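Novice: Given next are the chains, with one letter for each unit.
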Amino acid sequence: MPDAAVGLDLPDVEEWKRVSPRYVVVETVGTIVFGLVLTAMAAAVWLLLDVQWALYVIGAIVLITGASVAFEPRRVRAIGYQLRRDDLLFRRGIMFTRFVSVPYGRMQLVDITRGPIARWLGLADLKFVTAAASSGVLIPGLAEADAESLRDRLVELAESRRAGL
Amino acid sequence: MTTLADGEWHRLHPASPLLRGGIFIVAVLGFIIANLRERLIDVFFGVPRYGGDPIDAILERGVVGWALLAVAVVLVLILAVFYLSWRMHTFRVTGEVVEVRSGMLFRSNRRARLDRIQGVNIVRPFIPRLIGAAKLEVSVAGQDANVQLAYLGSTLADQLRRDILRLASGLRQQAVPAPDAALAQTSRLSHAPASPLSPATAAADRARDLFAPELDPDAAPPESVVRIPPGRLIGSVVFSGFTVFVVLAGIALIVGVTAGGSDWLLVAFIPTLIASVSFYFTRVIKSLRYSIAGTPDGVRVGFGLLTTSNETLPPGRVHAIGVSQPLLWRPFGWWQVRINTAGHSSTQGAAGEANTTTLPVGTLADVARVLELILPGFDSAEQQALIERGLRSKGGDDGFTNAPRRAAWLHPFSWRRTGYTVVGGIALLRRGVISRELVLVPLARLQSVAISQGPVTRMLRLASARLHTVAGPVSAYLGVVAAAEALVFFDRIASGAISSAQSDTSHHWNQPIQDQPTAAQPTWKQPNGVIE
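So the protein sequences, as listed, match chains G and P. For what it's worth, my numbering labels the leading residue of the first sequence as 1, then goes sequentially. For what it's worth, my numbering labels the leading residue of the second sequence as 1, then goes sequentially.
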């Protein structure tokens, strides 16, 4: 066995369906806004309470936000899903990789949500909800038409493979 | 069949509004006693009173008649409200659903599908138990989605439970007489009466009810019953994490006082001491007379000394089972079994926890029998040996796929024991060496499976895995597993979950095979436990 660190990757799977590249914008804006809020808080501590080390905190926040924004395209590219014969396969993350398999029959409902920026870009998030709260299958950044057709497809697949709770 | 499960509307026990309104009545009594406190002390202890109370005021003004009239009106009003609420509260059990209608101004109607039943619970709180009433609760999945029948006559509740379970099991073809016969045998809207017997026999009845075992003796074969000796129960409560906390707090206190702290610390300690004694006491009282047994319609768990409770879990309603052993229990060889289920009875279970502790404390043999009851068909000698190794083995090549040596960086003690196996449609996850734990997940109930890897686990070529089940006290995860093995695990569990779910028929557990609805039939299209 090679000694090098190996990333987790499923063998023999088909092509992953990826989310829209425009989703990078949504994530980037989110990260920047979050960074700005943190910066404003640190700045308030610095200016109002006259605490010098808050400056270093601001520096760190800017650095982390910058790095996070730089990695955003790769993180979005790492999100993928595929409809296998009997289950939905989902993956995300490059640093923290996660693979989930949900049999279609376990579907309780499918949720489609749109944030303000995503709506402006014509994107939507699709959430596949099972009876287990921890399943956490959230496919973000789908084109609105794709999200709706995927939802209908999933509901149809779930109906044909329904199991009791 | 009783007359209650015939599809007609029935009423509850006539004393129901009184029993349900218990808190209200206590509040009224409290108000009256608070106002007449000095008069009562005068009457009973002869202590003279100072100052007047409402009765003095009434006597002085000479409005005794009016006061009596007001009391009478209030009493009549209360009785009328109780009578109406009893009249309006009706239920019926048909071949498909349990349905309850209630309320006077705000009518409510709740209906639960029988094939979605997650459990049937009969609770006898102390006071209703004295007059022979019981509460029957049908739990279905979802928050606050249970159907409660409070209260029914004690024996009627038992019969109704049997009928509900029989109807739910899919056996209705055999059990129910022809529909017109069922219609003919009862008058419409007959209510569920308390037994109309003479006071003496009624009293004897109550006494028998009080001392009867929580399990109907002919409902379960005696060899499938597990009991807990009181000594072991007390021991299990004493040797708990809470005791460690109390002892540590005591030591800290003694050190604090001898090191020159204030004596006031001792005063502060006394309430804590009283609280912990009452904690131990309630835990023991609530778990006393614990029994678990297999019946044809599922596992029945009963417990309680004053307030008793008795829950039936039909087959295939258990989503995950956790068998665990805290360090303090190891010298005694005691184990605890807890489960995840989709429906939750609103009544608390043994030891004041939710109804998820199936075996509060038991030996290895008890655990084996309980698992046999919860997982019927998983009881071959091989599988039992596997379970025992899962509980007690130190690791190594024992049927489980364990974490590699490099996992010692993350789990220095337990890596040998951290492993999994899949046998007969059930995933077994083993972990922990200080506090040992084995989790069994029937793949037919599994919701989804995930594997994940972070920077540290990637460096060590490891990953972690998690099986998602409905929420509950048992969490099915493996902290470390070799990265290559995680992919095998993912594949095995994912395909196992699909094939087990397809062959699973436990929602109608007694239905003859040829009657099973195929997956394409739209029987499921009703939402879970419809609430209207």
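Note that these hints are calculated values from the structure, not bench results. For clarity, every value in this text was computed on a predicted model and none was experimentally measured. Mixed in with the good hints, there may be bad ones.
Coverage of chain P stretches by chain G, computed from C-beta distances (three or more under 8 Å per stretch; other residues unrestricted) [unchecked claim]: (1) 407-419; (2) 495-503.
Some chain G residues flagged as far from chain P (calculated, every beta-carbon gap over 12 Å) [what the hints assert, rightly or not]: (3) 36; (4) 60; (5) 87; (6) 91; (7) 100; (8) 120; (9) 128.
Cβ-to-Cβ under 7 Å is the rule here; a few derived chain P residues that face chain G [what the hints assert, rightly or not]: (10) 305; (11) 307; (12) 376; (13) 380; (14) 450; (15) 451; (16) 464.
Yeah, the Cβ is synthetic: ideal placement off N, Cα and C, and Gly gets one too.
Novice: Look at each hint and say if it fits the structure.
Specialist: Quick rundown of the hints versus the structure:
no., hint, result
1, 407-419, "violated (count 0)"
2, 495-503, "holds (count 4)"
3, 36, "holds, 27 Å"
4, 60, "holds, 19 Å"
5, 87, "violated, 6 Å"
6, 91, "violated, 10 Å"
7, 100, "violated, 4 Å"
8, 120, "holds, 32 Å"
9, 128, "violated, 9 Å"
10, 305, "violated, 34 Å"
11, 307, "violated, 30 Å"
12, 376, "violated, 17 Å"
13, 380, "violated, 25 Å"
14, 450, "holds, 4 Å"
15, 451, "holds, 5 Å"
16, 464, "violated, 10 Å"
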